[in-house]
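Q: Reassemble the complex: the two chains are provided individually, in unrelated frames, and hints are given to aid placement.
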Amino acid sequence: MKDIILEVRNLSKNFNLHLLGDKAVVAFQNVSFTLKRGEFLGIAGKSGSGKSSLIKCIYRTYLTTYGEIIYYPDNGNPIDLASCPDEEIIDLRRRKIGYVSQFFGAIPRVSCEDIVTQALIQQGVNKDEARNSAQNMLSRLLIPKKLFDAYPSTFSGGEKQRVNIAQALVKETELLLIDEPTASLDKPAGDIVLEEIFRLKKRGTSVIGIFHDDKELRGFADKILVMEGEKGARIYENDK
Amino acid sequence: MREWILKVEGLTKIYPAPAQNGRICPECLKSTANKCVSCGSTIAVASASFTLYQREILGVMGESGSGKSILVRSLYFDIIPTFGEAYLNRERKNIFQLNSQEKRRLKNFNMGIAYQNPHLGLNFDISAGGNVAEKLLVANWRSHSNIRKRLIDLFEKTELPLNRMDDFPSTLSGGMQQRIQIAKALANNPEILFLDEPTSGLDLSVQARLLDLIKEIQQELKISMILVSHDLGVLRLLADRILVMKEGRIIESGLTDQILEDPQCHYTQLLVNSML
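Residue numbers (this note's numbering), protein chains in the order written: chain L, 63 to 302; chain G, 117 to 392.
One chain only, chain G, in its complex shape (with noise of 0.2 Å):
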């Protein structure tokens, strides 16, 4: 059996009342839903538990507002979680603990991320290759004639045209822009890609390209994926097993084609029978 790469346990994020003063109360851990009734707390994710094996997509569906964002960027430390312990290969420390500067190595080395929103990943002031090698730059890459070569790579990996390197992000198309994002995301050869609703708002053909090379760079790199989609069929094509959430919890989870085809839950049950 494969080996795991990433494994979170309890994972919740709350996000305190106003009137609370930045601090949750005992019964907001109790609740059972978004909402705490007591104090009026928000529990985007509640104690998420799951386990990312080696070279595998895992999908996240689930309806908006229901914690799948939080979910990913809390692993990307873009926020901090209330509770929860990660572990990255086997090591014994909790990633949640590390340093500012450790966590920093992390996402530099081990971990990518494309945002829903590009203007989340990528810098519009700079250009879309310099986007690219700000990535390189943090990873000590210093001759000039490397950063090219495999921004060079990189573009070509990802099918973006070489004559809109120099361009900035603005200018270019939202598949584009996705494009870069994951162009960025790929510089340093991570173990994890974090992809958080990758294709929705771009057209079809566009789409489908994306996707297909989300499925050649996991199957040629052999990268880890956790991918965030409320789009039933872009999770059919591409996970190997979905983790359902509503209302910050995982509800069920279980392999693609069992959750699509014989789903436990009551939510899962009316989501997928929703599907066109």
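For reference, chain L alone in the conformation it holds in the complex (with noise of 0.2 Å):
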């Protein structure tokens, strides 16, 4: 097994928006680095920097504009992320790759125990089994038991987030993108909600991933990517 898990290289991502006469956004440029198994990997820059960008194109919700994103799993052959058919994407979030966004988009007339087993079923998991670790889940992340059976739809934007968060950290991928997880919480919930990647990361999750506070960040990052737009980015590791 390599002991690299990604390797980004030269990476751009333009927006090139038709309705307003081809106008071209930068929204990064030539973003190159590597990420090594178990390794946490922050991500700064203003706002506007192609923080997310970033995380989008390794996601691949957004189609890379130049570079390589190259991903070697556990087991089997190095994948291009950036260029990879959209079917070997879609196996790879199901199976070794977690996101978690910056907003919840909830499923309508699922009820959030459901949204999170699910996420386990089709990663392979048994039905029981995966009720059961989503209840878990639920729990640490502090959901009352008495809205497991409820909708998100009809949850405070906390508790959504926090869904949101079990339905990705439940299943314990290889690698987990988390964009800006705790923005929307409370401390005593933020806390719980990075204790938990911290949880999954010595389990040997690597981590990319965006945190708006320059504390929570430097508190658990290896390494620290500082996003420049067009100017790219520079990476130091972080002595903490």
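You can take every hint at face value.
Listed next, the in silico DSS-like pairs over lysine-lysine satisfying Cα-Cα at most 27 Å (straight line):
id : chain 1 : residue 1 : chain 2 : residue 2
1  : G       : K331      : L       : K189
2  : L       : K207      : G       : K331
3  : L       : K222      : L       : K208
4  : L       : K189      : G       : K273
5  : L       : K263      : L       : K98
6  : G       : K338      : G       : K273
7  : L       : K64       : L       : K285
8  : L       : K263      : L       : K222
9  : L       : K189      : L       : K158
10 : L       : K208      : G       : K331
11 : L       : K189      : G       : K338
12 : G       : K331      : L       : K158
13 : G       : K223      : G       : K209
14 : G       : K331      : L       : K222
15 : L       : K222      : L       : K108
16 : L       : K158      : L       : K264
17 : L       : K189      : L       : K207
18 : G       : K338      : L       : K158
19 : L       : K85       : G       : K362
20 : L       : K158      : L       : K285
A short list of chain L residues far from chain G (calculated; beta carbon distances all over 12 Å):
id : residue
21 : F95
22 : R99
23 : S109
24 : R202
25 : D211
26 : S246
27 : D248
28 : P250
29 : G266
30 : D276
31 : K277
32 : R280
33 : E290
34 : I297
By construction, these hints were calculated from the structure, which means they are not laboratory data. Predicted, not measured: the structure shown is a model, and the values here were computed from it. For every residue, glycine included, the Cβ atom is placed at its ideal position computed from N, Cα and C.
A: The structure is reproduced here in structure tokens:
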């Protein structure tokens, strides 16, 4: 098994806005870094510097304009996430790569327990075990038991976000991408989320995360990537 | 990686202009719009190629007249394509070249369809249950009690009230008619389900229950689906991947979240930006 899990080479993302006379907008340019197994890479930078865009490129929500994102699975051949077929990405998303978005698009009429359980079933876990783990995860993230069978569309912002986090963390994927998971949470809830992320890291998950709080970032990250939009990015070791 | 179940290559459907006597001209194939500039024939679908993988829901979006329905209905043999190939289940034979008996077999056992217009999919002269039973009869179900049992099973699965089984489709609501189409389509455990605008024209709560049903069917029965819809909300909820069609052509395709968040073509950007 290679000790590197992800290698990003000269990655750039431009948007071509056809509705505005083909205006080109640069999200970020020429970003390179490597991520070792079990490492935590924090992404920092001003708003608009391309932090979320970078994570979305790795997850294929955005198409990469230039560059490569080489992913080394624990078994099997390296895969370029920037150019591999969609089907391969669907498969990786089910089993290997987790993503916590900034906002939770609640699925209507599905209870929060089912949302989290479903994530595990897609990964191939059997139903009973999945339900058990889902309940555990929701409890650890302080979702009250009486809400388990309720629809997240009726939840508070913080509760929604924790369901969103639960469905990504419960899978214990090899690679976890997180985009400001604690932004809409109060301090105690935020701390618990960070604890959970750290617990996963200890079990071998590699993490790439955006945190708006500099203290959080410096407390956790092994390396910090500072995004500077068109001017590229700098990476440095974080001495905690 | 998952295996594919349906592979379509170069599917083309051209309706020749009246003056053409049923023939198309060489310019038709070079045309980039809906109408051939030389002979005036209508190019409904032009060289569409895509793959449907096992257990996936593939969304097809595009404005009306973009060829979405023609694409799906060609695959169900309702419409004979002008050119093109389609392969099922890694079999080497182009399904468009099968004889009518073999095609009927595929329609009865391997495929199911629900049309936007229930009049296309249901026989309004026989009862709701009879419509579904018809599909079982062609699959050589003979025992009356077994058929009845299967009907109850299908009605329950599609949440149709059992006491409406003997009613005529014309006495049922639009949502129920769609459910009967789906029950009929599922009767012989197909591998592929084609859904052509299944929710348009239905009120929100009925639409929501139908969407839940589709999702459940896909997860429980592990059926692959092609879902035609111009409703981006429906596609966002159900589709794994999306094909975008315009003027008979597939102009782009990608993962659902990628098409909705980072569309590449002018038309798709316009569509996504118009979403409420």
